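Quick note, the sequences are listed as chains A and B, same order.
Each residue of the first sequence is one higher than the one before, counting from 10 in my numbering.
Each residue of the second sequence is one higher than the one before, counting from 34 in my numbering.
Rather than coming from a laboratory, the hints here were simulated on the basis of the structure.
Warning: the hint list may mix true and false statements.
Counterexamples of contact, computed for chain A against chain B with all Cβ distances above 10 angstroms [unchecked claim]:
(1) His-16
(2) Glu-31
(3) Gln-51
(4) Leu-55
(5) Glu-61
(6) Leu-85
(7) Ile-102
(8) Ser-104
(9) Leu-114
(10) Asn-118
Derived CB-CB ranges, DEER-like [claimed, not checked]:
(11) Asp-100/B - Ser-27/A: 44 to 50 angstroms
(12) Leu-35/A - Gly-93/B: 43 to 49 angstroms
(13) Ala-62/B - Ser-63/A: 40 to 46 angstroms
(14) Lys-132/B - Lys-29/A: 21 to 27 angstroms
(15) Asn-79/A - Lys-132/B: 29 to 35 angstroms
As the structure is a computational prediction, the values presented were derived from the model and not from experiment.
Every residue, glycine too, gets a C-beta built ideally from N, C-alpha and C.
As a plain string of letters, each chain reads:
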Amino acid sequence: GAVVSQHPSRVICKSGTSVKIECRSLDFQATTMFWYRQFPKQSLMLMATSNEGSKATYEQGVEKDKFLINHASLTLSTLTVTSAHPEDSSFYICSARDIGWGSPLHFGNGTRLTVT
Amino acid sequence: KQEVTQIPAALSVPEGENLVLNCSFTDSAIYNLQWFRQDPGKGLTSLLLIQSSQREQTSGRLNASLDKSSGRSTLYIAASQPGDSATYLCAVITGTASKLTFGTGTRLQVTL
Numbered sequence: 010g011a012v013v014s015q016h017p018s019r020v021i022c023k024s025g026t027s028v029k030i031e032c033r034s035l036d037f038q039a040t041t042m043f044w045y046r047q048f049p050k051q052s053l054m055l056m057a058t059s060n061e062g063s064k065a066t067y068e069q070g071v072e073k074d075k076f077l078i079n080h081a082s083l084t085l086s087t088l089t090v091t092s093a094h095p096e097d098s099s100f101y102i103c104s105a106r107d108i109g110w111g112s113p114l115h116f117g118n119g120t121r122l123t124v125t
Numbered sequence: 034k035q036e037v038t039q040i041p042a043a044l045s046v047p048e049g050e051n052l053v054l055n056c057s058f059t060d061s062a063i064y065n066l067q068w069f070r071q072d073p074g075k076g077l078t079s080l081l082l083i084q085s086s087q088r089e090q091t092s093g094r095l096n097a098s099l100d101k102s103s104g105r106s107t108l109y110i111a112a113s114q115p116g117d118s119a120t121y122l123c124a125v126i127t128g129t130a131s132k133l134t135f136g137t138g139t140r141l142q143v144t145l
């Protein structure tokens, strides 16, 4: 079945540094990938939609200059948290859809970001 | 704006019981509904996908139903096992942008 690989699974960084998270579709091409954020005991919230070859679409309230998204190929999207602060500590999950919007979304295993 | 609610928020049952998880959504104009499982600190595993034209889907001990007009879906788990313990999330796609709106989740614990 379709597999989405997300890396790293866990990262600890100091306040003010930037962190890059990668999301790869391993056995299918994904023109669109999605980035979610999950705070403890809360549901996932969509942050942005990543489109291959074009700019990402951000949800209301998400700072595009802070959460940089690059979707350079049909199998890779990256999320860079710039100048991270402790309040950015969260669980970030990416997802991708196989061909056809009627197909299920497949999710990466998530990245636990802790900013100290 | 689509809102998805899941009831109950938490559920504890003894092993072997059949159980039902509920999901409701406010905008019935959905394209599909998907049930996921999330283990603590992990990503999501897709369990069942129901297209808007379908009424139910089955996979092993899991059965999901969809009543689009009333904005409801249920996930039925038969003969529950301790390994079923996890958080179960439902999510719907509304609109053409393929955005998924997640429910609040039901935290299930199956005890021995």
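Comparing the hints with the structure gives:
no.	hint	in the structure
1	His-16	holds (12 angstroms)
2	Glu-31	holds (14 angstroms)
3	Gln-51	violated (8 angstroms)
4	Leu-55	violated (6 angstroms)
5	Glu-61	holds (14 angstroms)
6	Leu-85	holds (17 angstroms)
7	Ile-102	violated (6 angstroms)
8	Ser-104	violated (8 angstroms)
9	Leu-114	violated (6 angstroms)
10	Asn-118	violated (4 angstroms)
11	Asp-100/B - Ser-27/A: 44 to 50 angstroms	holds (46 angstroms)
12	Leu-35/A - Gly-93/B: 43 to 49 angstroms	violated (25 angstroms)
13	Ala-62/B - Ser-63/A: 40 to 46 angstroms	violated (26 angstroms)
14	Lys-132/B - Lys-29/A: 21 to 27 angstroms	holds (24 angstroms)
15	Asn-79/A - Lys-132/B: 29 to 35 angstroms	violated (20 angstroms)
The structure fails to meet hints 3, 4, 7, 8, 9, 10, 12, 13, 15 from the earlier list, while all remaining hints are met.
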